[in-house]
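Undergrad: The chain contents come next:
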Amino acid sequence: DVKVTQSSRYLVKRTGEKVFLECVQDMDHENMFWYRQDPGLGLRLIYFSYDVKMKEKGDIPEGYSVSREKKERFSLILESASTNQTSMYLCASSPQPSGHDFGPGTRLTVT
Amino acid sequence: QKEVEQNSGPLSVPEGAIASLNCTYSDRGSQSFFWYRQYSGKSPELIMSIYSNGDKEDGRFTAQLNKASQYVSLLIRDSQPSDSATYLCAVRARNNNDMRFGAGTRLTVKP
Chain W
5 DVKVTQSSRY LVKRTGEKVF LECVQDMDHE NMFWYRQDPG LGLRLIYFSY DVKMKEKGDI
65 PEGYSVSREK KERFSLILES ASTNQTSMYL CASSPQPSGH DFGPGTRLTV T
Chain G
105 QKEVEQNSGP LSVPEGAIAS LNCTYSDRGS QSFFWYRQYS GKSPELIMSI YSNGDKEDGR
165 FTAQLNKASQ YVSLLIRDSQ PSDSATYLCA VRARNNNDMR FGAGTRLTVK P
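Chain order of the listed sequences is W and G.
Residue numbers for the first sequence follow the numbering used here, beginning at 5 and rising by one.
Residue numbers for the second sequence follow the numbering used here, beginning at 105 and rising by one.
Just chain G, with the same shape it has in the complex (with noise of 0.2 Å):
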């Protein structure tokens, strides 16, 4: 099993539409989820980050987080097309100083 998972896609929504990214994680220990936007050709970027249960909004992001289920997911509402590109979700554990990365979502928002 990997240690993050995700939906590999392509996920594809109309413009205005709400976007929702999935991601699960094996490490029970795990403690700060984040999520990047990579475009294609660049490096990725930081937008999201939860660390507790439960919901965290940000402008047209929200993450989502359920520890017991060991889910996070990142919903995009009123998709636009400059959002589409690879979404990748990042877990780290407790006193851990790495990283681990899912390989990424492909979203394409389709105008």
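Here chain W stands alone, though its shape is the one from the complex (with noise of 0.2 Å):
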């Protein structure tokens, strides 16, 4: 039954390193998003995509790129971690005008 995947629950990085998080999902879905949840913020979305090697910038897309490059899969990458990324990372899918399935989402720290 699993339907979208992140590829780690917890990560731990450095300042300056480069960090990927993967998600993949399993619903032949056309739209990927990916959001940063922190407390008093909400979901801020960072970036969609709405067709293989297609991408939108979301509302805070500063300091992240994103790559898909089949439709099942939609990686986020932090060019160089900072603290301030320090977040938990949701990975969702959806069939337009469908709502969301989240992924368990990726509780990244960056010391």
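Treat the hints as calculated values from the structure; they're not laboratory data.
A quick note: this is a predicted structure, and the numbers were derived from the prediction, not measured.
Check before you lean on any hint, since a few could be wrong.
In silico lysine-lysine, DSSO-like type, Cα no more than 27 Å apart, as pairs [unchecked claim]: (1) W:Lys22 / G:Lys146; (2) W:Lys75 / G:Lys146; (3) W:Lys7 / W:Lys75; (4) W:Lys7 / W:Lys57; (5) W:Lys61 / W:Lys7; (6) W:Lys7 / G:Lys146; (7) G:Lys146 / W:Lys61; (8) W:Lys59 / W:Lys17; (9) W:Lys22 / W:Lys59; (10) W:Lys59 / W:Lys75; (11) G:Lys171 / W:Lys7; (12) W:Lys17 / G:Lys171; (13) W:Lys7 / W:Lys59; (14) W:Lys74 / W:Lys22.
The task is to assemble the complex, starting from two chains supplied on their own in separate frames and drawing on the hints.
TA: This is the structure:
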């Protein structure tokens, strides 16, 4: 019954490291999303993709990039991790116009 | 004005009561509306979607949409302690692949 999976539940990285967060969905959804969730700030959209090799910036793309080479996989890249990127990262997928299926989340700590 | 606004709560109701959660949105072009439940430490889970004016019932949950007032609500009848969670309202605009989330309302159901 697995739908959206994320590569790690918990991750600890050092400042300046390049960080890769992987997300895979098995539902053949066109749309995939990356959010971060912080206490008091709610869910904020980083990037989304509506097709292979297509990407759109969300509200807070600075310091992040994404890659979607295959329909089922959407990767989030932190080019040079900083402490203010410590957060819960949530991947989601959906067909239009339905709601999201979220992955379990990756709690990233940057020290 | 935030795109999607919810009462921040917390909202506390006794077991067996009706819990009422409210949400307003700013984009009149919005077409799809969703309610997610998020338990502490878990990712959001889609519990209701509604696309046209009126009520939509699913078990103990009823979603209500009024596009003229730009208002969507979630009623939980016969509230149970297991309903204690944060409830997120989300709105998707027409021809728009991204989703806008409210900050969430924390609900506590007391035995």
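Undergrad: All the hints need checking, so say for each whether the structure fits it.
TA: Here is how each hint holds up against the structure:
1. Between Lys22 of chain W and Lys146 of chain G the alpha-carbon distance is near 26 Å, which keeps this suggested pair within the 27 Å criterion.
2. Taken as a hint, the Lys75 of chain W and Lys146 of chain G pair is honoured in the structure, with Cα atoms around 25 Å apart against an allowance of 27 Å.
3. A distance of roughly 14 Å separates the Cα atoms of Lys7 of chain W and Lys75 of chain W; the hinted pair therefore holds under the 27 Å criterion.
4. With a CA separation close to 21 Å, the supplied pair Lys7 of chain W and Lys57 of chain W stays within the 27 Å bound.
5. The straight-line distance between the Cα atoms of Lys61 of chain W and Lys7 of chain W is roughly 24 Å, inside the 27 Å bound, and the hint therefore holds.
6. The suggested pairing of Lys7 of chain W with Lys146 of chain G holds, with an alpha-carbon distance near 15 Å, which does not exceed 27 Å.
7. In summary, the hint linking Lys146 of chain G to Lys61 of chain W is supported, as the alpha carbons are separated by about 25 Å, within the 27 Å threshold.
8. At most 27 Å may separate the alpha-carbon atoms for a hinted pair to count; Lys59 of chain W and Lys17 of chain W meet this at roughly 26 Å.
9. Under the criterion of a C-alpha separation no larger than 27 Å, the hint pairing Lys22 of chain W with Lys59 of chain W is consistent with the structure, at around 20 Å.
10. Taken as a hint, the Lys59 of chain W and Lys75 of chain W pair is honoured in the structure, with Cα atoms around 12 Å apart against an allowance of 27 Å.
11. As the CA atoms of Lys171 of chain G and Lys7 of chain W are separated by approximately 32 Å, the hinted pair breaks the 27 Å bound.
12. For the hint linking Lys17 of chain W to Lys171 of chain G, the alpha-carbon distance of about 45 Å lies beyond 27 Å, and the restraint is violated.
13. At most 27 Å may separate the alpha-carbon atoms for a hinted pair to count; Lys7 of chain W and Lys59 of chain W meet this at roughly 21 Å.
14. Under the criterion of a C-alpha separation no larger than 27 Å, the hint pairing Lys74 of chain W with Lys22 of chain W is consistent with the structure, at around 21 Å.
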